[in-house]
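All chains, please: the whole structure from these sequences, using the hints.
First to last, the sequence lines map onto chains A and B. Using the numbering used here, the letters of the first sequence correspond one by one to residues 11 to 332. Using the numbering used here, the letters of the second sequence correspond one by one to residues 11 to 332.
Just so you know, these hints were derived from the structure itself, not from any lab. No experiment lies behind these values; they were computed from the predicted model shown. It is possible that some hints are incorrect.
[Stated by the list, open to error] Take a look, some chain B residues computed to stay more than 12 Å from chain A by CB distance:
no. : residue
1   : 24
2   : 25
3   : 137
4   : 293
[Said to hold, decoys possible] In the EDC-like style, the derived pairs of lysine to aspartate or glutamate whose C-alpha atoms are separated by at most 16 Å in a straight line are:
no. : chain 1 : residue 1 : chain 2 : residue 2
5   : B       : 280       : A       : 27
6   : A       : 280       : A       : 268
7   : B       : 25        : A       : 118
8   : A       : 280       : B       : 27
9   : B       : 47        : A       : 65
Virtual Cβ for every residue (Gly too), placed ideally from N, Cα, C.
2 protein chains.
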Amino acid sequence: MSTQQHADAPAATHKYDPNFTQNVIDTCGPNTSPRFKQIFASAVRHLHDFTREVDLTPEEWLEGVNFFNEVGKTWAESNGKRNEMHRMCDLVGLESLVTEIANYVETEDPNYAPTSAAILGPFWSPNAPWRQLGDSIIQDAHEGQVTYMHGVVRDLVTHEPIPNVTFDMWQASSNGKYDFQDPAHTDNNLRGKFKTDDKGEYRLYCLRPTAYSLPTDGPSYKFLQAVDRHPMRPAHIHLMVTHDAYKPVVTQIYPKDDPWLATDTVFAVKDDLVVDFNPIKNHPPTGEHTGPGGPATRELELNIVLAPKGMAANNADPVEKK
Amino acid sequence: MSTQQHADAPAATHKYDPNFTQNVIDTCGPNTSPRFKQIFASAVRHLHDFTREVDLTPEEWLEGVNFFNEVGKTWAESNGKRNEMHRMCDLVGLESLVTEIANYVETEDPNYAPTSAAILGPFWSPNAPWRQLGDSIIQDAHEGQVTYMHGVVRDLVTHEPIPNVTFDMWQASSNGKYDFQDPAHTDNNLRGKFKTDDKGEYRLYCLRPTAYSLPTDGPSYKFLQAVDRHPMRPAHIHLMVTHDAYKPVVTQIYPKDDPWLATDTVFAVKDDLVVDFNPIKNHPPTGEHTGPGGPATRELELNIVLAPKGMAANNADPVEKK
Chain A
11 MSTQQHADAP AATHKYDPNF TQNVIDTCGP NTSPRFKQIF ASAVRHLHDF
61 TREVDLTPEE WLEGVNFFNE VGKTWAESNG KRNEMHRMCD LVGLESLVTE
111 IANYVETEDP NYAPTSAAIL GPFWSPNAPW RQLGDSIIQD AHEGQVTYMH
161 GVVRDLVTHE PIPNVTFDMW QASSNGKYDF QDPAHTDNNL RGKFKTDDKG
211 EYRLYCLRPT AYSLPTDGPS YKFLQAVDRH PMRPAHIHLM VTHDAYKPVV
261 TQIYPKDDPW LATDTVFAVK DDLVVDFNPI KNHPPTGEHT GPGGPATREL
311 ELNIVLAPKG MAANNADPVE KK
Chain B
11 MSTQQHADAP AATHKYDPNF TQNVIDTCGP NTSPRFKQIF ASAVRHLHDF
61 TREVDLTPEE WLEGVNFFNE VGKTWAESNG KRNEMHRMCD LVGLESLVTE
111 IANYVETEDP NYAPTSAAIL GPFWSPNAPW RQLGDSIIQD AHEGQVTYMH
161 GVVRDLVTHE PIPNVTFDMW QASSNGKYDF QDPAHTDNNL RGKFKTDDKG
211 EYRLYCLRPT AYSLPTDGPS YKFLQAVDRH PMRPAHIHLM VTHDAYKPVV
261 TQIYPKDDPW LATDTVFAVK DDLVVDFNPI KNHPPTGEHT GPGGPATREL
311 ELNIVLAPKG MAANNADPVE KK
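Shown next, in the form of structure tokens:
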């Protein structure tokens, strides 16, 4: 029961035991990893400060205990398919914040920055098929607008196009469901991996995306009701753009006229990720779309900027940082 | 996407989006209860500050997601009998802190304060039997020391004894297990409720308590290993002392010579709760102990001080406080 104040700890500004929080932190044994100890100390300090700040009552605390037990129960009962704790983190902005931190790059030219990151979400697949430039990712019938999507991937520093970039994308269908969620979809419907050509270009057919609702049952929806919020995500396409020599970009893009942009329930919208789906003017050299939905009616030009690996980035040595 | 800083929010002292946290807080709809909004805002602010403070990586965040899903799974798979989230809160001092806050009373005489509170823990029973003054709570065989426990319950303000107080107590047996946990115990072994007499006195037989370990499996034990901590609680007896006209005292008492006092893994020890189990000198008027273990060898005198209801206490109107 140490009574010394920790050098880094701010002086207590409350009426409760001033040594309590530091005593909890100081219980870490000598075999705690330095990084775990750093995370534990900060988490305990903020948890206790929160508790004292709102004078959390025993009844409120027990309500929280029950809530988080239910969150894990939802995960267990779905055999891990419904990751309710992941969703809860999204609903309070945590995944979006972690994503911002992981992708933070200091750039010298404020007008030329790497493409912003957005959350990965629970629907990426490591098994998406490789497709040829100009191919379509649309395998099944839909009620959406076929879109010709194309652009160039460039180097943040040299502004030169980057060949051989992996352009991995996935999206929900016009009913708001991913192939994982809808038995009516064939495997890998609306997923595909492409490689940029010698000019750093990619081109493919996809759907103009459709806004959808998160599940309206379970603990996460109870939470949304408690804070009087809607469960909608704006329409979006997921992207994972990677190359061995560059920092990967995992992101999402959103149609400019989507009504849920300003209130995305998982806080993943960034200004440079909002794009125009225009009436089509150009076509790929491989020809018009012949799959479900027929010829394309929309066109999306999206250029991507990647930062070379080794540029000032976060988490190079997290233990030393603080 | 409001860009205004909240009046109460401290200016951002980090390099990340300075409006992100306030934007998340501002999503609360008009039907959010004021108290829930207060708790949500403080929780989000501290969660985000923690995340930025340690530059939490996506991998670390996902490890946390998995951990808390496992916590809820443990609860679900035990049909709610093993409340792992409750235990996790205890291991980081949260239940102890909530207990301190709920029982905070400003007293004018620093030498005469209400008996300190300690956490309720998961083993209280609403069905403990009423017993007569001088009775024993020991029903089953044990290897502990039979103790004559007695004392007076007094009023914080008048210092007068309080008759008709309910003195509810429970403890683990000498094998470290409560009746709930051990099929070899009869129901309500080592539990009992007593009423103080006209002189505010209670008296009973119990065991000198035995230190025990929390479970050494499951997520909570994984956490203890990560922070290199032992799973021991000091020996203790649980008390719940109540009377309609007084603030209830839920607490625990600990033998002075217990080796785990300074490092109680749930942070429930307070100085005034550490007591002496002396060689026996007095006996109750109802006579010597005749149950399992035979005559008492130890004596514990414990006096209790209750604060009248209505004295300055926390949480009278939590919404208005902040």
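Taking the hints in turn, this is what the structure says about them:
1. Not every C-beta of chain A lies more than 12 Å from that of residue 24(B), the closest at about 9 Å, which undercuts listing it as non-interface.
2. A Cβ of chain A approaches the Cβ of residue 25(B) within 12 Å, the least distance being about 7 Å, so the stated non-interface status is violated.
3. The beta carbon of residue 137(B) is kept farther than 12 Å from every beta carbon of chain A, the shortest such distance being approximately 20 Å.
4. Chain A leaves residue 293(B) outside its interface by the beta-carbon criterion, the shortest separation being 36 Å against a cut-off of 12 Å.
5. Proximity of residue 280(B) to residue 27(A) is assessed by CA-CA distance (about 11 Å); at most 16 Å being required, the pair is judged to hold.
6. A hinted pair counts as satisfied when its Cα atoms are at most 16 Å apart, and residue 280(A) with residue 268(A) qualifies at roughly 13 Å.
7. Of the pairs offered as hints, the one joining residue 25(B) and residue 118(A) holds, with about 15 Å between alpha carbons and a cut-off of 16 Å not exceeded.
8. Between residue 280(A) and residue 27(B) the CA atoms are separated by roughly 11 Å; this keeps the pair inside 16 Å, and the hint holds.
9. For a cut-off of 16 Å, the pair hint linking residue 47(B) to residue 65(A) stands: about 14 Å separates their Cα positions.
In this structure, the earlier hints numbered 1 and 2 are contradicted, and the remaining ones agree with it.
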